[in-house]
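A.B. asks: Protein sequence lines, in the order shown, are assigned to chains F and U.
If you use the numbering used here, the first sequence corresponds to residues 423 to 686, in order.
If you use the numbering used here, the second sequence corresponds to residues 1112 to 1373, in order.
Among the hints, erroneous ones may be present.
As the list claims (entries may be wrong) - To give an idea of the interface, some chain U residues facing chain F are shown, with a C-beta separation under 8 angstroms as derived from the structure:
no., residue
1, 1151
2, 1288
3, 1300
4, 1317
What the hints assert, rightly or not - Here are the simulated SDA-like cross-link-like pairs (lysine to any residue), alpha carbons at most 25 angstroms apart as the crow flies:
no., chain 1, residue 1, chain 2, residue 2
5, F, 432, F, 517
6, F, 432, F, 446
7, F, 644, U, 1158
8, F, 644, F, 561
9, F, 644, U, 1157
10, F, 644, U, 1159
11, U, 1195, F, 451
It should be emphasised that the hints constitute simulated quantities derived from the structure, not laboratory data.
In this text the structure is predicted, and so the values were computed from the model without any measurement.
Beta carbons: idealized from backbone N, C-alpha and C, even for Gly.
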Amino acid sequence: MLAAYVQYWKINLLTIVEYRADFFMWFAFTVVYHGTALAALAVTMLRFPSMNGWSLREMFFLYALWMTAHELHNALFFNVVSVPEYIREGRFDRFFVRPFDTLFQVLTVPSRTFPDGFILGLVTLAIATHVADIHVTPFTVLTIAAVLCGGAGIDLGISLFVAALSFWLIRVDTLRWIVMSLEQDFTRYPISIYTRGVRIVLAYVLPFAFMNYFPASYFLGKHDAAFGLSPEVGLLTPLIGLLWTALSYAFWNLGLRHYQGTGS
Amino acid sequence: MFAPYIEYARKAFAREATYRIELIAEIGSLVLRVYLLRSLWTALYAHNAAPTGLPLHSMVTYTTVALLMSLVLEVDGTRVIREKLREGGIAVDLMKPIVVPFAYFSDGIGQTLLHAAAIVPSLLFALLLVRIDVPSLPVLAIFFCSFALGYGVNFFVNFLMNGVAFWTLETFGLQLIVRWISDLLSGQILPLSFFPGWFGRAVFALPFAAIYSTPLLVYVGIIPPAKWAAALAVQATWLAVTAGASYLLWRAASRRVVVQGG
Chain F
423 MLAAYVQYWK
433 INLLTIVEYR
443 ADFFMWFAFT
453 VVYHGTALAA
463 LAVTMLRFPS
473 MNGWSLREMF
483 FLYALWMTAH
493 ELHNALFFNV
503 VSVPEYIREG
513 RFDRFFVRPF
523 DTLFQVLTVP
533 SRTFPDGFIL
543 GLVTLAIATH
553 VADIHVTPFT
563 VLTIAAVLCG
573 GAGIDLGISL
583 FVAALSFWLI
593 RVDTLRWIVM
603 SLEQDFTRYP
613 ISIYTRGVRI
623 VLAYVLPFAF
633 MNYFPASYFL
643 GKHDAAFGLS
653 PEVGLLTPLI
663 GLLWTALSYA
673 FWNLGLRHYQ
683 GTGS
Chain U
1112 MFAPYIEYAR
1122 KAFAREATYR
1132 IELIAEIGSL
1142 VLRVYLLRSL
1152 WTALYAHNAA
1162 PTGLPLHSMV
1172 TYTTVALLMS
1182 LVLEVDGTRV
1192 IREKLREGGI
1202 AVDLMKPIVV
1212 PFAYFSDGIG
1222 QTLLHAAAIV
1232 PSLLFALLLV
1242 RIDVPSLPVL
1252 AIFFCSFALG
1262 YGVNFFVNFL
1272 MNGVAFWTLE
1282 TFGLQLIVRW
1292 ISDLLSGQIL
1302 PLSFFPGWFG
1312 RAVFALPFAA
1322 IYSTPLLVYV
1332 GIIPPAKWAA
1342 ALAVQATWLA
1352 VTAGASYLLW
1362 RAASRRVVVQ
1372 GG
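Start from the sequences and build out the full structure, keeping to the hints where you can.
C.D. replies: Structural data, given as structure tokens:
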């Protein structure tokens, strides 16, 4: 399985060498996407220096933490998003006749992915950590790495859940689109700016707050104004990522047993 | 003479209307954004001094109206050019006894009208979350004129973007890049007056400002009646420039339609 995975990345890298112009365009796309989000944040906070007690430097770190975890998810697990399409077009069925786990096969469909966004995220996060004056020890590096993995796990858990729904429902694109835009928009700010119901959703139902808000509060030594929780809650991120992934994987397997194909 | 174009618009309207769930999702996601931006600006105004001339209720009105406008302005009426180029349909269209850009414009209008219909339910849901200032009738009238000019500029900017496909055949990534930059520089996300220093003055000089910023500033009253004529004249100039550029691009492009195998 590991050998097959290594082979997959080799193919990916070779296709990128083949389609260089495409690669650069999509890289520019990633840069502009995050660049405009950060620019909008910076312009806003030049006029309004405090976002519920968070400064621009802290907001930059909050964004960088989400961005890096999200890009890690995109680099490793982006194909999960294509599952509804595979099912609709009947391309999913071939995964059943091969001797690998179906999810593993989904993740290794060659798709010209390259961890460029993740690398960009790491650079941004390093700058943001420096700018936010976080004292970096080997322990910090380890915990940040664990939080990033946990954050990618939360992302994976949620996208896998939506993908597994498509074993029952043929069209989930709209739902996925809403969840994605919810994530992108609502993770940009500290959750303390929202009303209580929305905070609860972001912390406990779709736990995006664990991708950046709680861990960022921990690293920045900030008091949690949303729930009054102790900052160490931010260290639960890896656990929550694992839990969400495990639950979604179980749900995915349940869906597989139910799946009968669309007949296309 | 106009009959075929009206038919194009009608067809586009009907085509878009089949994507009902998508439309409902669009409304849902818009309402979520209204909530998000209300929370954002309320928090920002609570902890900071308000900028002069723009109290919280004006700011909330600004962002909510901007979101409603985006229902119409984010429809890319000229996407059809890119699709026709890829699939070869453009060759057939060029043989028909129609002015092709007009046909595409009509198609865009049809799509726009359907999305414009979504404004009403979106507005009703938005009103559950926020209060919007309603200006006097003359202001509203000028706002709609300015919005129409902005729609035109937006159409031709999209036309130019999609027109690039005549040379490269693949423009989707490029187009999204331009879309995000334009969202930021058009005043859709933030009032352009928030941009600092020379950059703040420069953004007003770009065509993007004609799309969202001018109508919105008329709406919230930052552009006073005395300056209406000048503001709309600038928009009209950009409309003429982008339309002229589109005409030149179209003339050059239609001579070099190549058939992509397949």
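A.B. asks: Compare the structure with each hint and give your call.
C.D. replies: Comparing the hints with the structure gives:
no., hint, result
1, 1151, "6 angstroms, holds"
2, 1288, "5 angstroms, holds"
3, 1300, "5 angstroms, holds"
4, 1317, "15 angstroms, violated"
5, F:432 <-> F:517, "21 angstroms, holds"
6, F:432 <-> F:446, "19 angstroms, holds"
7, F:644 <-> U:1158, "17 angstroms, holds"
8, F:644 <-> F:561, "18 angstroms, holds"
9, F:644 <-> U:1157, "19 angstroms, holds"
10, F:644 <-> U:1159, "19 angstroms, holds"
11, U:1195 <-> F:451, "24 angstroms, holds"
Checked against the numbered hints above, the structure breaks only hint 4 and satisfies the rest.
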